[in-house]
Amino acid sequence: MLYALFIHGSPFQTKACHSALSFAKTIIASKEHQLKGVFFYQDAVLIGNRFNQCPRDEFDIQAAWQTLSKDYGIELTLCIAAAVRRGIISESESERYELESASLASQFQLEGLGTFVSFMNDCDKIISFK
Amino acid sequence: MGKTLIHITSSPYTGLAVKEALDLAMVLATFEQDVDLAFSGAGIALLHQNQSPDESQGKALYKMLASFEFYDIDNLYLPESQIPKEGIEITSLASSLSELEWKDMLTRYQHTFRF
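Those protein sequence lines, which keep their order, are chains A and B.
Under our numbering, the first residue of the first sequence carries the number 1, and numbering increases by one thereafter.
Under our numbering, the first residue of the second sequence carries the number 1001, and numbering increases by one thereafter.
Just to be clear, a hint being listed does not mean it is correct.
Distance windows between CB atoms, simulated [said to hold, decoys possible]:
(1) B/Gly1041 with A/Glu100: 40 to 48 Å
(2) A/Phe51 with B/Asp1074: 40 to 48 Å
(3) B/Ser1098 with A/Glu100: 51 to 59 Å
(4) A/Ile28 with B/Thr1091: 44 to 52 Å
(5) A/Thr14 with B/Glu1101: 30 to 38 Å
(6) B/Glu1099 with A/Lys70: 46 to 54 Å
(7) A/Gln13 with B/Glu1099: 31 to 39 Å
(8) B/Thr1009 with A/Arg85: 20 to 28 Å
Derived coverage of chain A by chain B (criterion: at least 3 residues anywhere in the stretch with Cβ under 8 Å from a Cβ of chain B; other residues may be distant) [unchecked claim]:
(9) 108-121
(10) 124-130
Think of the hints as simulated: they come from the structure by calculation, not from any bench.
Don't be surprised by glycine CBs; every beta carbon is placed ideally from N, CA and C.
Okay, chain A solo, but in the shape it has when bound (with noise of 0.2 Å):
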C-alpha cells in the first residue's frame, strides 16, 4: 500500500512529527508498504527552521527526519504558505521577498498545497498527524 504522511501539530506543542517519524519508519521497513512523501502544514512546517538549535540533551526531532530522507530518499514538503507566514524561507522565496537570509532547512522544500493534492490521488491512504 502507498502512503503518504500529512502532519499539522507543531514539533515544540506536540508529538506529531515524533509520532508520524515512527510510522514512516514502519512503513519503510515493512516489505508490503511504500511512503510517497511527508507533507508539513500548519505549526509543523516549524520543523523546516535550520536556526532551531535542539538543546544537546534532547532528541533532535529536526535531524531525525532530515536523516530518514537522506537515508530513504523520502521528500519532505513544507506547505509554502504556512512556512513563509511563520519564518521559513527558502533561498528563492528570501530574493522574492528581498530578505537577508533564508531559514530553510536542508532536505525539506517548500511546495504549494496542489502537492498535496496530487499526494491525495496518487496514494492509497492519507495518514494525519494532528
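Assemble the complex: chain A is given as a structure, and chain B must be docked to it using the hints.
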C-alpha cells in the same frame, strides 16, 4: 477519486487552524476534488451570523463561506443538537443534520481532515 471532508472543530478566532482548513478546502476544490465541510464544537462559531471581528482578531473568515459556491463547495453541515439556542443565528448556507444523518455523513468520505 472519492470525496473529502474538512471537519472544523476549532474556533475561528483562537488561531490559524480554521484559516488554514478553509485554504485547504479551496485548494482541493480548485483541483476539482469533491469537498464538503462539517462544523462541530467551537468550529460552529464560523457559522454565526453578524460577526464583526476587528483586524487584530483575524480575518473575517465567515465571509469566505459565501464564496464557496463559486468553488463548487456546496455542502456545509452541522449537527442539529449543536445549533446555538438563543440569540445567535446560523448562516443559511449550512444544513443541520440529525444525529443519525450526522453519523452517516461522517462515513461517506474517502478522506477526512480535522482542524
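Results of checking the hints against the structure:
In this structure the hint that B/Gly1041 and A/Glu100 lie 40 to 48 Å apart at CB holds, the actual value being about 42 Å. A/Phe51 and B/Asp1074 have their C-beta atoms about 44 Å apart, which keeps the hinted 40 to 48 Å range intact. One distance hint, 51 to 59 Å for the beta-carbon pair B/Ser1098 and A/Glu100, holds here, with the actual separation near 57 Å. At roughly 45 Å, the beta-carbon separation of A/Ile28 and B/Thr1091 lies within the given 44 to 52 Å, and the hint holds.
A hinted range of 30 to 38 Å holds for the C-beta pair A/Thr14 and B/Glu1101, which are about 32 Å apart. Taken as a hint, the range 46 to 54 Å holds for the pair B/Glu1099 and A/Lys70, whose Cβ atoms sit roughly 50 Å apart. The beta-carbon spacing between A/Gln13 and B/Glu1099, approximately 33 Å, falls within the hinted interval of 31 to 39 Å. The hint said 20 to 28 Å for the Cβ distance between B/Thr1009 and A/Arg85, and at roughly 22 Å that hint holds.
As drawn, the region 108-121 of chain A meets chain B at 7 residues by the rule of a beta-carbon pair under 8 Å; at three or more, the given contact holds. For the region 124-130 of chain A, the assignment as covered by chain B holds, since 3 residues bring a beta-carbon within under 8 Å of that chain's beta-carbons and 3 suffice.
The structure agrees with every numbered hint stated previously.
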